[in-house]
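Trainee: Sequence order for the protein chains is A and B.
Our numbering numbers the first residue of the first sequence as 1 and each following residue consecutively.
Our numbering numbers the first residue of the second sequence as 10001 and each following residue consecutively.
Be aware that a few hints might be false.
Said to hold, decoys possible - Within a straight-line C-alpha distance of at most 20 Å, the following computed EDC-like cross-link-like pairs (lysine to aspartate or glutamate) qualify:
1) K157(A) with D10686(B)
2) K48(A) with D10518(B)
3) K10764(B) with D128(A)
4) K97(A) with D10518(B)
5) K10513(B) with E68(A)
6) K10764(B) with E105(A)
Unchecked claim - Taking beta-carbon pairs under 10 Å as the criterion, some of the chain B residues facing chain A (in silico):
7) H10525
8) C10560
9) G10688
10) V10738
11) N10739
12) K10741
13) M10742
14) I10743
15) E10744
Hints are computed from structural coordinates only; laboratory data are not their basis.
Nothing here was measured: the structure is a model prediction, and the numbers come from that model.
The beta carbon of each residue, even a glycine, is placed where N, CA and C say it ideally should be.
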Amino acid sequence: MATRKKVLLKVIILGDSSVGKTSLMNQYVNKKFTNQYKATIGADFLTKEVMVDDRIVTMQIWDTAGQERFQSLGVAFYRGADCCVLVFDVTSPGSFKSLDGWRDEFLIQASPSDPDHFPFVVLGNKVDLDNRAVSTKRAQQWCQSKNGLPYFETSAKEAVNVEQAFKTIARNALAQESDVELYNEFPDQIKLDGGSSDNRSSGGDNCAC
Amino acid sequence: MWVNPKEVYANPLWHNEKLSVYFLLQHRVGHGQGNKLSSLLVGTFDSLFETKPSPYRILHQTPKSEKCYEIACALTESDILKDWEWLENNLDLKIFENEDDVTDFVLCKIKSLVATNASETPDEENSESFKDATIKFHRLFNMSCDTNLVCYYSCSYLKNKIPHQGWLYLSLEYLCFYSYLFGIEYKIVVRWTDVINLDKNTGVLTDTIKVITRDKREYRFFMFLHSSETFDLMKQLVNLAMKGIINDRWFNKDHDLLLKANKYVLKKQSFVKRDLDARAMSESYRLLFRLPLNEKLDGITNASLFKMYTKKPVFGQVYLSQNFLCFNSSKTKDPLNVVIPLCDVSQVEKIEQNEDMLFDNAVIITLKQTSANKEPSVFIFSQILKRDFFLKNISDHLGSLETRSSSKFQGTDSISDSEIKQPLRFTFGTKDQDNSIIKIKQRTKEVNWELYFKDHGDSISMYKTKELVKLVLDGIPESLRSNLWLKFSGAYHDMVANPGLYNELVNIASTTKSISHDEIERDLHRSLPEHPAFQSEIGINALRRVLTAYATKNPQIGYCQAMNIIASVLLIYCTEEEAFWLLACICENMLPDYYNNKVVGALVDQGVMDNLIANNLPYIYDILSRLGLIQMISLSWFLTIFLSVMNYQSAIYIVDWFFFDGAKVIFQVALSILEMNHKRLACCHDDGEAMQTLCNYLSGIYNEEFEQSDLYKDGDKIDRSVSVQELINNGYTKFKSVNSKMIENLRVMNRLKVVQSLEDGNEKNIVRLLLQDNYFSSDELMDLLKFVREEVVSVHKRTHVQPLKAETPMEPYESYRIDFQLFETMFMAISPLAKNSSTNNLSVRLFKLMDMNDDGFLDFRELTKALGLTSTVDVTTRLKILYLLHLSPLLSNDSLSSTDPNISESGAEYASDAAEYFNTNISSDIICESNLNDLQTLRSITTNWKNSTICLPIMSEDSFVELCKTMYDLIGSLTIDQEMLNNISKISTNLLELGNLNKEESNKSENRNDSEWFINAEQFVATALTVQKLVEFIGAKSNVLKALQELRNI
């Protein structure tokens, strides 16, 4: 049965340079924060096993490079993603403005089958800092305008909301995944279905004659 | 240089410099001057007629005769003055009574001079037979004269399995084929920029070359002869095209080559072919000896170098270029490599023959003394075939070096004013440095190196032998690192040639602001955070200075993440200036295009890596393809020379080897890593697991020298996997076959793939973005873009397009820049508004309206907007645009067409004129502020066109007269229908009356009597819409695809 199978979820983290993508990933997976991360070149990667609604799920989290000139490399990493996490820095309006670009870029490069309902999750990071420049309202409005994307305000440094955010990420990714999983699990049934529908349609033709 | 006398006409393009009774020394107008109009004009004529005359000439003319004869020409003033002096000193023409006799004598004398000098003078650009082929090529394929044919070959084109014998013509821009057999003609024209794959198959009798283009067409050519040469040339040409796309820079002929006397050149070859060959040779020369990018090879000759340390000669090749004399003997079992900068040479002498024949035909080269207590180094080359020629060449180069250096190196001693910054490792010691075991190990290494230096020298011209490779593989001692990195990589040469530049750039960078600087700022603390130096402001400031100075030096790269990681490690071992030059050497020389705005170079090398895995480790290739990991594993390895994926104290050994042996090292190490992980990879189930495996393995790599210390990553202790020494040795011994030449070859093929796929992606993005503007369908946009791409090279030829900077964030459509000529061509072909005799005015105005940043170019979006607003929108909007184009801010500046009607006949001059015109107008103060503001208002109207509340300015009477003229022209071009003309005059009269009414109204309402005549846009549109024929004409639907096809067929 599909529900008993060990599931692998691929999650991509996108966002401008230095918004805290690597820190968020490490806070979630390794439960720690250090300010000693190097700038991510190309892509980085971590896995974590979690329980989502009684299912054991392996999350494969891909952390990407933020600088614009690395965007053309995305295609190799985006392929087969189950969820895309868009991160911005609440102290940097520029990083918030870039969200549109990152979302578009992901949709083009990954070309998911149902782009309107592909699970994105938006994180406004660094809420522990004082010099906040993007208001909660503004961020929520943007998320609302994109089919109501889930929005979390996080601090990778102080582990605020990180766990909750990734739980949502996992659940939404799983919802996406199970749609696909059904087809993979029962290839024979689909053939049968296809066959029967063929029969039905040809039967209809016969009737018309 | 004397030339066979030929009759020429007095010509305003030449300016008299010197006059005597019978001779004229002339200088070509515009040569060597700035971007003045005359200079532009002359340049265009030259490229049009492909005459490329020398800028100086001497004419012979007798006072009473109309006839002039050109008798000498030269590229430099000093050369022509020599000829002039010769004439003055040697020709006594007073003895002749008759002017005709003078002419006869002079012509005869010059002819004999030419004949005697014939063997020594350089060839003219191209031989006669080649010129014929060029003419044929231009005629057959309807090519413009500035298309340079490079070479032509006999071959067969395979069509439907039938070979058609014909000729393959290769030009800088195109691959063309022509055959005419049994009444069937085959013509193929392929742009190099459209080629996505080149391939050669070697057969028994013939070789097949396969070419695939963007539109997925495949061409096969059979060749009996010269197939390798043809294929190599094709590769070179397609590579030039790709590099053109990457860097927005296109091929320029190297005219220095013309000056070079070379008797051994085959007559059949074209000048461009020789240029290309010379480039290819210079490139491999630079690669072999790690020389600066502008170094041009002058010649190669066989010789033996007497090895001082073994007292034995070794046979090899001597290479000579402007600044270097190099020696290489790679084919012997004892390879040797020596680089001698000519500026270090103090003396070059012949050695007279002695009895033991040891120094047969020998030359001894003595270097300048470096310190008082050291004997100057000496190199003895023997068995030089043409010793005198060789000596003469060296002394020529030494001579020109002296004149250059005396003018250049003045007042550069001021470096001392800045504090001397030492490598960070001195200020910030790590605990390993105090470890006595490590100290002993370092000392042992230093002793080994000192021994080597004693025999082989330690200057830039040291003998580089096999033993040196061994020493490098063992890791360079910390104290010698900066010095040897600079010398091995060749960064030393650039540093020595540009003293003080670093400090200058730091100063400039500290006072400027840019996006690069912001990006650098964000990454300063994320470069090498584990090192104490970068936990302190001292280290951070040094890193900031180096990175911002480089971004200032090379704005095309600016700043790319990964450069920070490399620079921070360099700073630990080097001074800031050294680190800066090493970084520049990596970015521009060793890892070309890696850090540009699309990291193209790194992508290309991913492809190269894939090829190498497939060839060297096929079993691992299978595993990686199964896991879907091809094309992505090694990106960060390459971009940071492994510094970001393993402990820097281990990776530094790879960096040592990398500076010594070049880019091939990163491939050898990468292959070594994969090979050592073969079993682990085979067990992986998915890409994530494999990535994790490799990642763990890499962070576990340790350095034997620091055996005592533990490995940490992000604060966690990690298990060791393998020592970097073992990894390097494995790479060096198992993947010896991977050499620089092979990598360069693979890079060419992969560059093709990467560039074309990026272009494809770019194209899709542009079409997607511009579809939102609603002017054209996606098919139309695709075709418009294709057309613009086809013309890119021609635009570059006629205008000086500045390469784009990497740091300005760009929309994809901004990378295409359309000059006025191309715009006009497309506008005329597509828009119904262009179909009238006063188009020039309209197109200039439209161009100016759309050129938002006034740079003389439209980007692709501006182009589609200009075309869309005049040919695809509804008729009301088109009428409004017509109205807008006649408003005063555009009209008042529109003096172009009336300035010189002759010029406008030829598009090229017109275009450069237009660009010139726009540029001067912006800077000159003739145009007043308010006018510019008005132009900006009109532009903002076009950007907010869809906003219906936008109100167009009112139109004055003068402008209206112009508008009426345009309408007459439009209709006039359509038909000479009297009724139509009547209709037009009727609406003009109506509008005139309306204008008068408006005037009275406004006088009345505002209670004044000085209002001017005016009409508004709504009145014009409403009136114009009443004339059915005009509506039909202006509102005609344009068929873009058809129009472009017709343009292509012209």
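Trainee: Each hint needs a verdict: does it hold in this structure or not?
Mentor: Comparing the hints with the structure gives:
Distance hint between K157(A) and D10686(B) is unfulfilled; the C-alpha atoms sit about 31 Å from each other, more than 20 Å. Restraint check for K48(A) and D10518(B): not satisfied, since their Cα atoms lie roughly 34 Å apart, outside the 20 Å limit. Annotation: proposed proximity of K10764(B) to D128(A) is violated, straight-line Cα distance about 41 Å (limit 20 Å). A threshold of 20 Å between alpha carbons decides the hint, and for K97(A) with D10518(B) the separation of about 17 Å falls inside it, so the pair holds.
Distance check on the hinted pair: K10513(B) and E68(A) sit about 19 Å apart at the alpha-carbon level, within 20 Å; holds. For the hint pairing K10764(B) with E105(A), the CA-to-CA distance comes to about 12 Å; that is within 20 Å, so the pair holds. With a least beta-carbon distance of about 7 Å to chain A, the hint placing H10525(B) at the interface is held under the 10 Å criterion. About 6 Å separates the beta-carbon of C10560(B) from the nearest beta-carbon of chain A, less than 10 Å, and the hint is met.
The beta carbon of G10688(B) is positioned within 10 Å of a beta carbon in chain A (closest approach about 4 Å), and the interface hint is therefore held. With a cut of 10 Å, the hint placing V10738(B) at the interface with chain A is violated, because the nearest CB-to-CB distance is about 22 Å. The interface hint given for N10739(B) is broken, as the beta carbon of that residue sits about 26 Å from the closest beta carbon of chain A, more than 10 Å. Among the interface hints, the one on K10741(B) is violated; its C-beta lies about 27 Å from the nearest C-beta in chain A, farther than the 10 Å criterion.
Residue-level restraint check for M10742(B) is violated (minimum Cβ-Cβ distance to chain A is 24 Å; threshold 10 Å). Among the interface hints, the one on I10743(B) is violated; its C-beta lies about 20 Å from the nearest C-beta in chain A, farther than the 10 Å criterion. Taking 10 Å as the C-beta cut-off, the interface hint given for E10744(B) is violated, the closest approach to chain A being about 23 Å.
Hint check: violations occur at hints 1, 2, 3, 10, 11, 12, 13, 14 and 15; the rest are consistent with the structure.
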